[in-house]
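Asker: So the chains spell out like this:
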Amino acid sequence: DAGVTQSPTHLIKTRGQQVTLRCSPISGHKSVSWYQQVLGQGPQFIFQYYEKEERGRGNFPDRFSARQFPNYSSELNVNALLLGDSALYLCASSLRLTGSDPYNEQFFGPGTRLTVL
Amino acid sequence: AQTVTQSQPEMSVQEAETVTLSCTYDTSESDYYLFWYKQPPSRQMILVIRQEAYKQQNATENRFSVNFQKAAKSFSLKISDSQLGDAAMYFCAYDMNYGGSQGNLIFGKGTKLSVKP
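Going down the list, the sequences are from chains A and B. Residue 1 is where the first sequence starts when you use my numbering, and the numbers rise one by one after that. Residue 1 is where the second sequence starts when you use my numbering, and the numbers rise one by one after that.
No wet-lab data here; the hints were simulated from the structure. Don't take every hint at face value.
Claimed, not checked - Label-pair distances were calculated between CB atoms; the ranges are:
id : chain 1 : residue 1 : chain 2 : residue 2 : range
1  : A       : G84       : B       : S74       : 26 to 36 Å
2  : A       : F69       : B       : P9        : 33 to 43 Å
3  : B       : S42       : A       : L11       : 10 to 20 Å
4  : B       : S74       : A       : P8        : 16 to 26 Å
Said to hold, decoys possible - DSSO-like mimics (lysine-lysine), calculated; alpha carbons at most 30 Å apart, straight line:
id : chain 1 : residue 1 : chain 2 : residue 2
5  : B       : K78       : A       : K30
6  : B       : K70       : B       : K55
7  : B       : K109      : B       : K70
8  : B       : K73       : B       : K55
9  : A       : K52       : A       : K30
10 : B       : K78       : B       : K55
11 : A       : K13       : B       : K109
12 : A       : K30       : B       : K109
As the list claims (entries may be wrong) - With the Cβ distance kept under 7 Å, some of the chain A side facing chain B (calculated, not the full set):
id : residue
13 : A2
14 : F60
15 : P61
16 : P70
17 : A80
18 : G84
19 : Y103
All values derive from a computational prediction rather than experimental measurement. Note that CB positions come from ideal geometry on N, CA and C, so glycine has one too.
Required output: the full structure, derived from the provided sequences and hints.
Answerer: Structure below.
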């Protein structure tokens, strides 16, 4: 079975441009989360979507937005790119939003490496 | 706000030996999850082990085990019989289980583990 896939693998943009990153969850998974991982740091939570609705948002500016489609794939958009947006963007999918036991495990994709020049 | 701290930026272990990675966290919640994730140079984040806060028994997964000290808010990972394939970045992470929502993982900054042959 295919895991979480992300496209593109690498991306180079210049300051002020806009970028769209894509994520396809594992088949049957309805929840998608996005994380930003700056070099040398741990991932930081950006968004969580479930059933096409935003269910969680991290401490990121409004330049960051996302959406989830009927097939549960997701896009992350970043407008007016800054140098500080250079990072690895990770997508993670899970079967559902809630659950206690077993834990609703998140499965991560390989990420998209964004470089802003 | 919840925080996760990993005080060891880098660790090294001899093949077949045992190594312990440290993690402390801060939360006012009583019900939560703790994780150790592994991120090899290929970038794909992989779940190593999970601990439910309500369980007193420490989690184990083959060569990986944790020492969970809830009162001290400490969560260390022990890797026994270290193998070359264990070399990676290891991230400690926290997920609250408040209101039934899961998926907003909070990560530490990571520990880079090297394994010497």
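Asker: For each hint, tell me whether it holds in the structure or not.
Answerer: These are the hints, each one checked on the structure:
1. A/G84 to B/S74: 26 to 36 Å: holds (32 Å)
2. A/F69 to B/P9: 33 to 43 Å: holds (39 Å)
3. B/S42 to A/L11: 10 to 20 Å: holds (18 Å)
4. B/S74 to A/P8: 16 to 26 Å: Violated, since B/S74 and A/P8 (Cβ atoms, about 40 Å apart) do not stay within the stated range.
5. B/K78 to A/K30: Violated - the C-alpha atoms of A/K30 and B/K78 are around 33 Å apart, more than 30 Å.
6. B/K70 to B/K55: Holds. B/K70 to B/K55 sits at ~10 Å (cutoff 30 Å).
7. B/K109 to B/K70: holds (21 Å)
8. B/K73 to B/K55: holds (14 Å)
9. A/K52 to A/K30: holds (9 Å)
10. B/K78 to B/K55: holds (18 Å)
11. A/K13 to B/K109: At roughly 26 Å apart (the allowed maximum being 30 Å), B/K109 and A/K13 satisfy the hint.
12. A/K30 to B/K109: holds (28 Å)
13. A2: violated (13 Å)
14. F60: Not OK, violated: A/F60 not within 7 Å of chain B, min 13 Å.
15. P61: violated (18 Å)
16. P70: violated (20 Å)
17. A80: This interface hint is violated because 25 Å lies over the 7 Å limit.
18. G84: Because about 17 Å separates A/G84 from the closest Cβ in chain B, which is outside the 7 Å limit, the hint is violated.
19. Y103: Given a least distance of 6 Å, the restraint on A/Y103 holds.
When held up to the earlier numbered hints, the structure conflicts with 4, 5, 13, 14, 15, 16, 17 and 18 and fits the remainder.
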